[in-house]
Amino acid sequence: TCRSKVDLVVMLDSSGSLSSSGYAAAKQGLLNMVKGMELNATSGALVGVLRYSWSVQTISQLTDDKKALAAAITKAPYMGWTSNIGGALRSAENMLQFGRREANSVCMLWADGPPTTPSNKHDASQAGHSLRSV
1 TCRSKVDLVV MLDSSGSLSS SGYAAAKQGL LNMVKGMELN ATSGALVGVL
51 RYSWSVQTIS QLTDDKKALA AAITKAPYMG WTSNIGGALR SAENMLQFGR
101 REANSVCMLW ADGPPTTPSN KHDASQAGHS LRSV
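Its first residue numbered 1, the sequence shown is counted upward by one per residue in my numbering.
Honestly, the hints are just simulated from the structure, not real lab data. Wrong hints could be hidden among the right ones.
Claimed, not checked - Here are the simulated lysine to any residue pairs, SDA-like style, with alpha carbons at most 25 Å apart:
1) K66 - R100
2) K67 - S43
3) K67 - G16
4) K66 - G16
5) K5 - T82
6) K35 - K67
7) K35 - W54
8) K66 - L96
9) K35 - W81
10) K67 - P114
11) K75 - G36
12) K35 - A25
13) K5 - W81
14) K66 - G113
15) K75 - S43
16) K67 - G113
17) K5 - P77
18) K5 - A72
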């Protein structure tokens with residue numbers, strides 16, 4: 001169980017290379033991760049979720065409402081197309097501007113590969129982010 005005071009934004013890959021079955025598996029993994037977290041606006045985590053492909057869409061703003069977050073993740077449809085990782089990082093940074101000052105801010109990128117366009121790599125490095133594969 002995660003009991004850290006953290007504002008976490010998860011960027012979920014919904015690009016064509018992932019496939020709809022891969023996206024469904026990623027969503028299930030995210031649901032399992034959220035289930036194991038202590039969400040609490042005062043002393044625990046807040047979680048926000050974005051999905052990205054050619055565009056970036058908000059699944060949920062930062063919240064401690066685990067039931068509403070799980071419902072939003074579950075109903076988020078697969079997008080297909082390209083991988084706009086740079087746009088996802090910019091959107092995550094924007095979401096974290098509304099986070100808590102006393103909490104650590106963390107961006108977690110779920111991806112099956114590199115950005116589709118080289119400019120997205122440049123955008124990420126210009127924002128001071130480091131992209132690492134795990």
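Okay, the hints, checked on the actual structure:
no.: 1; hint: K66 - R100; verdict: holds (18 Å)
no.: 2; hint: K67 - S43; verdict: holds (18 Å)
no.: 3; hint: K67 - G16; verdict: violated (28 Å)
no.: 4; hint: K66 - G16; verdict: violated (28 Å)
no.: 5; hint: K5 - T82; verdict: violated (33 Å)
no.: 6; hint: K35 - K67; verdict: holds (9 Å)
no.: 7; hint: K35 - W54; verdict: violated (29 Å)
no.: 8; hint: K66 - L96; verdict: holds (18 Å)
no.: 9; hint: K35 - W81; verdict: violated (29 Å)
no.: 10; hint: K67 - P114; verdict: violated (32 Å)
no.: 11; hint: K75 - G36; verdict: holds (20 Å)
no.: 12; hint: K35 - A25; verdict: holds (15 Å)
no.: 13; hint: K5 - W81; verdict: violated (35 Å)
no.: 14; hint: K66 - G113; verdict: violated (29 Å)
no.: 15; hint: K75 - S43; verdict: violated (28 Å)
no.: 16; hint: K67 - G113; verdict: violated (30 Å)
no.: 17; hint: K5 - P77; verdict: violated (30 Å)
no.: 18; hint: K5 - A72; verdict: holds (22 Å)
In this structure, the hints that do not hold are numbers 3, 4, 5, 7, 9, 10, 13, 14, 15, 16, 17, in rising order.
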